[in-house]
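Asker: The lines below spell out each chain.
There are 2 protein chains.
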Amino acid sequence: MTDVPYPYDELVFLPLGGSGEIGMNFNAYGYGPPEDRKWIVVDCGVLFGRETKEPGVDLIMPDIRFLAEQKENVLGIVATHAHEDHIGAIPHLWPMLKCPIYATHFTAFLIEGKLEEAGLSGRVHPHHVALGGRFTLGPFDIELISITHSIPEPNALAIRTPLGTICHTGDWKIDPEPLVGKVTDVNALKRLGEEGVLATVCDSTNALVPGESGSEARVREALTTLVGTLKGRVAVTAFASNVARLETVARAARQNNRRVALVGRAMHKITEAARKAGYLRDFPPLLSEEEAAELPSGRVLYLVTGSQGEPRAALARIADNNHPTVSLTKGDAVIFSSRVIPGNDLAIHELHNKLSLLGVEVLSADDHFVHVSGHPCRDELAEMYRWTRPQIAIPVHGEPRHMAEHARLARSLQVPQAIVPQNGQLIRLAPGRASVIDEVPSGRVHLDGRVMIEEGAGLGRHRRSLAFAGMIAITVVLDAKGRAAADPSIIIEGIPGPIHDAVRDALEEPLKRHNPKRDGDGHELKESLRRAARRAADAAWGKKPVTKVEIIQL
Amino acid sequence: MTDVPYPYDELVFLPLGGSGEIGMNFNAYGYGPPEDRKWIVVDCGVLFGRETKEPGVDLIMPDIRFLAEQKENVLGIVATHAHEDHIGAIPHLWPMLKCPIYATHFTAFLIEGKLEEAGLSGRVHPHHVALGGRFTLGPFDIELISITHSIPEPNALAIRTPLGTICHTGDWKIDPEPLVGKVTDVNALKRLGEEGVLATVCDSTNALVPGESGSEARVREALTTLVGTLKGRVAVTAFASNVARLETVARAARQNNRRVALVGRAMHKITEAARKAGYLRDFPPLLSEEEAAELPSGRVLYLVTGSQGEPRAALARIADNNHPTVSLTKGDAVIFSSRVIPGNDLAIHELHNKLSLLGVEVLSADDHFVHVSGHPCRDELAEMYRWTRPQIAIPVHGEPRHMAEHARLARSLQVPQAIVPQNGQLIRLAPGRASVIDEVPSGRVHLDGRVMIEEGAGLGRHRRSLAFAGMIAITVVLDAKGRAAADPSIIIEGIPGPIHDAVRDALEEPLKRHNPKRDGDGHELKESLRRAARRAADAAWGKKPVTKVEIIQL
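As given, the protein sequences belong to chains D and U, one line each in that order.
Using the working numbering, read the first sequence as starting at 1 and increasing by one per residue.
Using the working numbering, read the second sequence as starting at 1 and increasing by one per residue.
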């Protein structure tokens, strides 16, 4: 690949999360000779567990043991913005790295909240970096470039090194009127392009979507008109972190002579962080939920959490008609000003249906213009490549299909090289032509309750088996001579009643056949009981439950 | 509501499935005096179990015990068309009704296949009714009216009774060029409108979607062009039952000098039924999978099953690179000529991603015009109401949100009355103004393995608990004096290893505290062990597993 002899400095890129999934972003850049590389980490996010694939798992995080084992070389974590898939793993993974954290104010406030909840606020404080600020971490010179996205203070990073400059876009779109915060600093990106960019590492979420993602300003106009057509109570649900959307909704309310009440913990948490960071100065004065309940229905607008059908969020409780202060009924309306995150469609449909059964009108992006995406569509990606003109395009933040299409697009735009990375691939960016030079330990770790478990441990598979066919737990007591001393205990869960008898009956034969002389410790008995129980269930039911047998030896 | 004295004849509508969900269609019409009503059933379909909501459940069917208890009055089942959500429950529920079945040829062939698989073909043969045919069942005069949908031989029913005529649309759209089968018999629908329609009972699936669903002919043009741009092997996945789509794809292949091979059992089953019913006469000669494998890659097109990400279907096996005859690689392409059924999005994304990782290009309705819906959008619904001009609109075949919006649309079109029914509501259509007059036992039954279980039995909830937090099964042996005779057996499944010890340790205390004199049968011990195990798991893990304790008394 290159004929530079060892030892020499290399610039490498190592994604440990986010290249192969939307979520769980964790990207590392390394600089130096292979045996003593310095690292910076860009973002440290989570993916949410899906009930079908990871039942009982709340959060999924990257396996970062490769960096944890050399944590003295990890110079810092830089958070591009405050979405959970970019900062959510910090309280869980920071203890493995114990390095400084860098973020702009709004993001830093939210990280501080997370560290405090995790009992870590005494051990680390994020460094607050100004918008457009620049700082160095060892060989890395890092400049923040303001972009637009669906949260305040999103940043691209210009990472300058002696071997070239990387433009790490973070999550972005081009919104000429973002309503909250700065517009994309196009000049800075163009200047970077003129200076020379080695690699643009870029968001792939919408690489399949033609055109542009659209501006928040258009949503504001549309929502203002839409709210104007509604007579009863109106509730709008949106991602709380989309502060511009909250402002959009609040203005739509004011234009229509409605007062706003926030409902749900995340709404309060985010607006507080936004105010601390200097945003929402124009936000209309809010009502408490109790005050709102006393206004005429045509005068109130609720901003509520729960757009994804989360069962404990405010909107789910409203739809179940058991929210303490908010109740909606015939003549009222709920606007879903959000998208459907894949995997949540059934939960959201259920919410729509419960609201419809209450007589509440449901309005969503299915049928009204009430949402724009925060990620770049194809025309915007093309613009980014025109601005930054990199030697290498590296699609990240996407599923394989998005990243493959993003790479095709980049090549069609004459970017000389496009590399689709996979988590754990160590990619040398310079010197020489970029290529995958190694594969490091990587993978996913599940936060299961409060315990971290490697995905490969198979716990998810075991629990899916339980969900599919239930469980049989059998205990047999053998006396000192190896004879059954009593009827076995048979514990059955998740299996239809009519099958229980078939299983019980099937155990008689192996117990009768048990020969204490030949099988005094019950080793064979154990296996024959297990097989008999599964065979009986299969014959009567068509499924083989998880079956475990224990012997108690007196 | 009405002042007609008893005894009198009533015409009633009773949905037992499909009003509140898309799937599981089961509608009954009753005629006669309340104490001796004759019934006909229109459609008898299934809903597929979703792993999140009904883990381990294959099929969900309506609870029809209300009709089963008076099966001598059920005159017949009329199947409007052959989709699973309209005929899939026949082999499971027919034994409860034992009535004649009526369907057109293509539908009847597929019902016969199902009855044969269920071992019922010796007991019932569906009556074959001609397209446009008319027959009577007791007081019901039933005329089939050809419409268009996404399967051959879809029918609306004109159900004439002495108290008025019902237009039951079945599933439909307006396709001026359906490619396979007849166009919608608009004249028959208009004639019905002139004759006078009491109620139009109508498909709500796309009631939220503006405009029209679009014609199969446009898909044919687009697919022909798209396949022309591809160089390597092409696989197209579509619903096998969409015979017009299969023909569309076959013609697109022929136009592009490619030969077609069918891959997957459903493709063969459906094309066989279609040929028996007289369709696909123009279908190009097919290759076997083996023959196709020997053609140059640019000369072959596979029509494969598995568009919904079904793990055992052909496409999933191809994506896993373990299909016996078909293998796709870099330069090849897969076209998903289908929609994403809600709940299947993650499975489909996974399929897309596996194919992308093989280097295969994935093309879908996300980014190309390769599919049209088979259900009427708002302009088409408006057309249907203009044709049939009913006194009453009854939206069915939809989730509550779809049905509510459909009713709003019907009212806006000046239909005098619109009723949104719920499964189990008995609705009097005549005499007098239509209204809900009773609620009959209804609900859902799960086919769990081979056993039918009422949804309310809680088995799903139990298995979801197992999936969330696993299971602990404890057995304690007490001797004749009530003393623990050995260490307990503790069977743990689905719980992280580090938690096991905490649970084991926590059982020591209650065992030590056990007082054989006071609690000789271990009743209290049982409960204290259960609580100790759950408390220990919760403290160490943050979750409470399903925990069961048994006592073996020597």
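Hints may be right or wrong, so weigh each one.
Between beta-carbon pairs, the in silico distance windows are [said to hold, decoys possible]: (1) D:Asn322 to U:Glu508: 22 to 32 Å; (2) U:Phe135 to D:Lys231: 24 to 34 Å; (3) D:His523 to U:Glu508: 43 to 53 Å; (4) D:Lys269 to U:Arg218: 31 to 41 Å; (5) D:Ile437 to U:Gly542: 52 to 62 Å; (6) U:Arg408 to D:Pro342: 27 to 37 Å; (7) U:Pro162 to D:Glu290: 55 to 65 Å; (8) D:Phe135 to U:Arg218: 53 to 63 Å; (9) D:Pro342 to U:Glu454: 55 to 65 Å.
It is worth saying that the hints were derived from the structure and are not from the lab.
Cβ atoms here follow ideal geometry from the backbone N, Cα and C, with glycine treated the same way.
Asker: Decide, hint by hint, whether the structure agrees.
Answerer: Verification of the hints:
1. D:Asn322 to U:Glu508: 22 to 32 Å: Because 41 Å falls outside the window, the suggested range is violated.
2. U:Phe135 to D:Lys231: 24 to 34 Å: violated (49 Å)
3. D:His523 to U:Glu508: 43 to 53 Å: Taking Cβ atoms as reference, His523 (chain D) and Glu508 (chain U) lie about 27 Å apart, which means the hint is violated.
4. D:Lys269 to U:Arg218: 31 to 41 Å: Given about 49 Å between the Cβ atoms, the range is violated.
5. D:Ile437 to U:Gly542: 52 to 62 Å: Cβ of Ile437 (chain D) to Cβ of Gly542 (chain U): about 41 Å, so the range 52 to 62 Å is violated.
6. U:Arg408 to D:Pro342: 27 to 37 Å: holds (29 Å)
7. U:Pro162 to D:Glu290: 55 to 65 Å: holds (58 Å)
8. D:Phe135 to U:Arg218: 53 to 63 Å: holds (56 Å)
9. D:Pro342 to U:Glu454: 55 to 65 Å: Roughly 32 Å apart at Cβ, these two residues miss the hinted range, so it is violated.
Checked against the numbered hints above, the structure violates hints 1, 2, 3, 4, 5, 9; every other hint is satisfied.
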